[in-house]
Each structure stands twice: as C-alpha cells, then as structure tokens.
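With the hints as extra help, turn the sequences into a complete structure.
Protein chains: 2
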Amino acid sequence: MALKVCKFGGTSLASADQFRKVARIALADADRKIVVVSAPGKRDKPDTKVTDLLIAYADAKLAGSGAEAVEQAILERFAGIIEGLGLPGEQFETVKTILISRGEGDRSHRARYIDSIKALGEEFSARLLAAFLQKEGHDFIYVDPKDAGLVLSDEPGNAQVLPESYELIRPLRDSAHRIVFPGFYGYAKNGNLVAFPRGGSDITGAILAAAVEADVYENFTDVDNVFAADPRVVDKPAAIHEMTYSEMRELSYAGFSVLHDEALQPAFNAKIPVHIRNTNNPESKGTLISLERHNDEFPVVGVAGSADFCTIFLSKYLMNREKGFGRRLLQIIEDADLSYEHMPSGIDNISVIIKQSSLTPEVEHRVLERIRSELAPDKLLIQRGIALIMIVGDGMTKQIGIAKRATGALSDNAINLEMINQGASENSIMFGIRNEDMNKAIVSLHNAFFGK
Amino acid sequence: MALKVCKFGGTSLASADQFRKVARIALADADRKIVVVSAPGKRDKPDTKVTDLLIAYADAKLAGSGAEAVEQAILERFAGIIEGLGLPGEQFETVKTILISRGEGDRSHRARYIDSIKALGEEFSARLLAAFLQKEGHDFIYVDPKDAGLVLSDEPGNAQVLPESYELIRPLRDSAHRIVFPGFYGYAKNGNLVAFPRGGSDITGAILAAAVEADVYENFTDVDNVFAADPRVVDKPAAIHEMTYSEMRELSYAGFSVLHDEALQPAFNAKIPVHIRNTNNPESKGTLISLERHNDEFPVVGVAGSADFCTIFLSKYLMNREKGFGRRLLQIIEDADLSYEHMPSGIDNISVIIKQSSLTPEVEHRVLERIRSELAPDKLLIQRGIALIMIVGDGMTKQIGIAKRATGALSDNAINLEMINQGASENSIMFGIRNEDMNKAIVSLHNAFFGK
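Respectively, the protein sequence lines represent chains A and B.
Every letter in the first sequence is one number past the one before it in UniProt numbering, and letter 423, counting from 1, is 423.
Every letter in the second sequence is one number past the one before it in UniProt numbering, and letter 441, counting from 1, is 441.
To be clear, the hints were calculated from the coordinates, so they are not data collected in a lab.
Among the hints, a few may not be true.
Which copy? The list can't say, so a pair holds if one copy fits it or any two copies do.
Claimed, not checked - Heads up, simulated EDC-like pairs for lysine to aspartate or glutamate below, C-alpha to C-alpha not over 20 Å straight-line:
hint, residue 1, residue 2
1, 21, 283
2, 398, 335
3, 323, 334
4, 271, 215
5, 379, 262
6, 316, 292
7, 398, 104
Have a look at this one:
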C-alpha cells in the first residue's frame, strides 16, 4: 500500500461544496492518509480570503477599533460552511469561542499576535473537514501541529522548519487513523504559534510528505496542470504533464506563479514526487514533478518572463587583465545589500543584472559612486526596463538547435536581444529584451517550441 | 600637411630587397616623417629571425660557449643586407664592433644582458635603413630611443612606457629631418636599456604616433588586410577594410594573431587611426582601425576562436538567494591567482570559464577544495576541452537577427552549444562549444555572415 500526502489550497476549501469535493477526493483513494488544508479562499473574484479577513481582524484588534465587523464576516464564512456541511451547531460555537478567545490574547508582540490569529483559518478548515469526514463515518482525526511535532524557528510570519521536525512527525506514518492537518503554521520551541511565509500550506504538506516518506505529495489546486507559459499571456498554452524539480525551479523563478518552488522544497529534498492536481477536475492528468521526467516529447517544458530589471554596464579597456575586477564589482553590489541575477561579460565589459525595484535612487547613487571611484570604468551606464525571458528544459542544452529555434522565433518577431546567457550544464537559456517586448517574446517562444 | 608614423615588421626588413621596398614606401609619401623598424625577420619559412639569433647569442655568451657560430650567423645576415643595399663596408664594421662590444658587456644581470643584446636587431635595422636613405640622397636620420626620450619602466623584457615619454618625444614632430627609429626598446631612468615584450616594435610605433599626434599610424606587415576569420581555418576569408578599436580588441583577444591589440593601445588611447598595410603590396587597401567605422556592410566584422578552456560548474539549490555567492566564488578564483573569462549563470548554478593551462592539477585541487568547503555546492563539475568562439561587430546586438543567424549556422552544422554569453551593449557574442568543433564552427559562422 502506498502512502500519499495531499494538500488542498484555499479555493478547494472556499465553500461547503468545495469541502465536499475535498472529502470525495480524500475518500476516493485509501492511500491518502494525510490531508493538509489551507484556509478557505475566495469563492469568486470579489470575495475575500479568510486569511485576509483574519489579518484584518488582528489589525483591527491591535488598532482597538473596527474588529466587530470583521469578526462578523469571519463567523459568517464559517457558519456557511458548517451549515452547508450539515455539521452540528456546536461546531460553530467552537469556532466562535476560539476566535474570540484568541482575539483577546497577548497583543504585546504585534507579529506574534497576527500569527496566532491568521493561523485560525487553517485550524478551522482542518477541524471542520475532520468533523465532516467523521460525521460521514470515516476514520479521520484532526491533528494539531503542536501534537505532531512541527517545530519551527521562532520567526513570526517567516518561520522555517527545524530539522528535528522530521523525526518527530515521522510516527504519523503509522497512525491508526487517517489525518486532517492544518497547513501554514507550527510552533516554536518556546511554545509560540508561528506561521510560515505565504504559501505556507504547501510547505506544511511538503514537510509532512518528507517526514512520513510519502510515495507522492499530491498538491490540489484549481488548475488542471502546469502550462508551458502563462495563460494570461499565451492563448491556450500547452499542458505540461511531467517536469523535473529543476525545471520547475527555473520556471517558478522566472515568473511562473502557479508554483511556489521553495514551498515544495522539503518534498524535493526527500525526492518525493509532487503531483499538481485540480480539485475541481480530479480526473485531469495534472503535472507530475519529480527527479527525472520520462516524457521528453518537448525539449523545452516552459517559457516564462519577468519584467523590470536593469543592467549596470561597465566597460574598461583591458578589464579582463585586471584580476579581481568582477569580484570587486560584486562586492560593491553585495555591500549595498543587492542581489544580482546574472553577470554576462565581454572582454572589456561586464553587465550586472539587478531587479529594478531594489535599486532605489539612493542605492543607485551610492553604488555608481563606488563603482566610479573603485573600478574607474571607461564607461558606466544603467539600462532600465529590461525583461528576462527564460526557456527551460532539462538537458535541452544537449540537444542541437534549441538556441536556433529560440533566437529565430524572437528575430522573426522583430524582438531585439539585449542579452543572452546560457551556462555550462544549464537547463535554461535566458534572453534579455526590452520590457515592452516581453509578452510578444513569450508568445513567440511558446509557439516555436509547442507547435502553434 | 599630414603627419604619418609608419612601422615596418620583421618580414618587411628580412633582406636587402625588403629594405628597398620599405625605402620606396617611406619615400612614396612625404607625410611619412617617422619610420619605425623591427629587426630583420624570416626570409622564408626555415629561416631564423635576427632577434632569435641575438637571443641565442646572448644565451651562448652567458653559458660561456657556442657564441662564435651564432655571432657568425648574425654578421652574415647583416653583411647580406649591407651588400645588397650597396652600403659601404664601414657599415659592416660598425655593426660588428657594436655586436662584439655589446656581447662583452656586463653579464651580472641575466635579463638585462639579454635585453641589451636582443635590441641590436632593431638598432641595426634602423641604422642601415637610415644610411641607405641618406646614400640615396634623402634627408633621413637615425634617432636613438635614448635621445628621443623613450623612457620605460625598469623591467627587462617586459618594460612599460612611462607617461613622461610622450612629452619628451613630442618635439620629434618638428624635427628638421625625417626619422628612422628602432622599435622594441627604450631606456629606464637609470640609463639601462630595456625591451618591451614581444611585438614591441608595434608598441614603439604606437607611442611615437601618439606622442607626435600623428594623423595616422601605418602598420606595415605582410598581409593585405585583416581577414574576417583565420585564413588557416577558413578558405579565402572575407577581407575587413574597416574596423573599430573595440572590434579589433575583441577579435585580437579571441584568437586573431595578426593583431597585437595591447601593442597598439597607445595609438588607440590618443584616438589615432591605425592603418594595417602590406609592405609587399602597398597598393592594397589594408585595414583601417579607428574609433568608428563608416562601412557597415557587415554587421559582424570577424569570427575568432580559442581552444582549451575549462568551466568550473557549480549548482546549489537557492543559490541565487545566497547573497555574495558569486563574489565569494570569484574571491576563491582570485586567491588562486587565476583569471576568469566569463561567468554565465543560471538560477541555481554558475559556471566560471578559465584557461585550461592556468588550472594545474595542484591549483585545481586547491580551488575545488575551497569551493567545496566554503560554498558547499550540491554539484561541482569541471568540464575541459571547451573552445570559445566569438562573433564580433560594433552595435551588432542592436541589429535583429544576428543571434538567429549565428545559432542557425552552428545548429545546421550539428554543433552543440555548451554556453552562450552576450551582455548588454556588447559588440560580441560568445559561444562555448567543444574543442573538436572549433574549426567547423568558425567556418560556418564565417560563411553565415560573409555570404559563402
């Protein structure tokens, strides 16, 4: 018998109907031993996520006014779910009691207080799903992260899992009952409740999957699969049914919002396949992310882009004979607390690509001054409005003709290439272009590699 | 009236007939006020350059045996030239006397002694050319670098010009006579004769051209022009009649042996156009190297390649969030006294390209150990046998389709691209390929851009 950890995102739990879908999916496969849930998300576009309501509630409590209306809204959401699931009225009383008592908690540390409130969305989701499954006659229990041993660093809102968690959680594997587990939070060693960064339920699921050595970590969301390009940019992009961890990582970094690669990292580290699936269409194939892919129909699995970078360009005659030039440049960047993306270089020139948003006028001034005085370049330019486009595919650099297809597609669409970067053994090629060409570039690259 | 400094290379002065060609060229244009000469080069393939004979002579003298035979060979070379030019026998006596007395000089400092001997090739060339021109009734005089004020750093065999030289040499501009000047050497402030590195006559000419603010620096060699690719690799490569300093610099770096870009640097700094011409075919158009080119028939001016690089490849999950990763890697490279060529990067990986020859097993071991212990990469690989191919052309990155043509040519010839690097505002694109594909790549890129 296989062991599966499955996690359901916010839209999968947005209403009683969605809870029923989740229950159906959980019950459809006896291997789904651990079900991790998010807080109820949006039911439709204008709706508000429960987590956002909870944060507003905490803020209002801290501000000392306006909490009543938010409290009402939160309770209404859960009342609707409880009623829709046919759960007894005492469930609502429990939710209300916990919310109010937690609201009256210690407000001396702002971030801790917010964590303690915003985690309630997941706690209530998990409690209600477990109650519903029990009511329907199934052997599911609610397990609290504290009881399971999910120990995190004491960093409110940005907690990290501590290594001992894995050993502590491991016995869940042999639990006599199937488990519903709230995502998004755990406890510091001092007993404080602390939350992960956003996307935290994905992290919880990934940690649990790793800890119990699951055969697969099923991540249920509201899309059928990962697409080869952003569907807001490309009309009906190709579906990707298989990809590797590193492909996902590159795409996620390059602007794919469907995936939170860092959140899934604990599962990747433990080499547990991650299966992205759709709660609203459980029949669809989904996207399986694992160490290696078997389907190599496409050398490239995706095209992604990200706008608003800038390049600091330096040229200096005989630069390449000046030992330490690049290192000193990066030191200046680092001292200004900036991260750089890439550093393509010519013989006498070097460009550092940086997120435009991180280069405030003040930082820019300081960095340029230091570059001028310490590196004495012949030329020093800043170019803004650069978009970085990535084509990603494992081993594609070993296949001849990829760069030709990509540069051909860009050139045929009159897109000028400001930069190109492909390193040894890489599974991506980066193209630097003008911001305004970004969507056109994504469309042409998608069509070049996915036959449209 | 314009002012020209012209310099003749070794093959231009290999024999009396060649001296006559040089004299004819010098006399053909009254603007050629300063003529800089190399030592006599090879008359044919198996021949030995006079400079090499002089170095052998110095070595023999230092070793204390075998000098006589070399002395004889040197004197024969000059006897032939003197006789062929119809110069009086006393010229030969002068050459012999100087050679022997210099040979008996202070041998306590080996490198200094070698410099004092090997510089004689240029000195004799210049003295004999001046004597010949005088004999033919022209107002040329021999000017010694010491008298002209060519002051160099006291680094035997690797001297650098000192800034004051330019002011000291400047009056040559207004000399009443036309001048023959020996290349390759000058004097340190302490009066020691010191030689430039190899290619030093080019340096002398460039310094003189800059000092007298020449309108052009004519560099006479034995090729009609610079070619778009190495003629030993590409059959009848395209001729390049115009190029910019920076194009030349990139090509020279990338393996173009016809040009010594650093040697020409003093002229470039002073914005003096350099005209590469052929002593054996003075009618040919040559190649004019200047700040800007007017002929933009070709977006690319040349293709060059250089083999035997290696890449150190590191990958590490979340590398790009680790501030200072690239900088610390370059610090390790720098501490090992290595230079790197490029540093292409992906999201979680980075490659440093290094000349294979500089990475001895001992250095490699030390560098890899430090990388492992200080940067803890998930993966660390060294890939050898990498050739770097450059296509070069000013502003070509502003023209759409260059990358397409290049990657298309490589792909059509089944050449796999290991790396690509093109930075902002660059006038080159670098392709990293396998050594064994280098010549094929140069041919296909040449043909793609120069229509064959």
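Now for the hints, and whether the structure bears them out:
Taking the shortest Cα distances, residue 21 and residue 283 sit within 20 Å of each other inside one copy (12 Å), while across copies they are farther apart (87 Å). In this assembly of identical chains, residue 398 and residue 335 lie within 20 Å of each other by CA distance neither inside one copy nor across copies; the values are 37 Å within and 33 Å between. Taking the closest pair of Cα atoms, residue 323 and residue 334 come within 20 Å of each other both inside a single copy (19 Å) and across two copies (7 Å). Taking CA atoms no more than 20 Å apart as the test, residue 271 paired with residue 215 passes inside one copy only; the shortest distance there is 9 Å, against 69 Å between copies.
Only between protomers do residue 379 and residue 262 lie at most 20 Å apart by alpha-carbon distance; the minimum there is 19 Å, versus 38 Å within a single protomer. In this homomeric assembly, residue 316 and residue 292 come within 20 Å of each other (Cα to Cα) only across copies, at 17 Å, whereas the closest approach inside a single copy is 44 Å. In this assembly of identical chains, the alpha carbons of residue 398 and residue 104 never lie at most 20 Å apart, being 61 Å within a copy and 63 Å across copies at closest.
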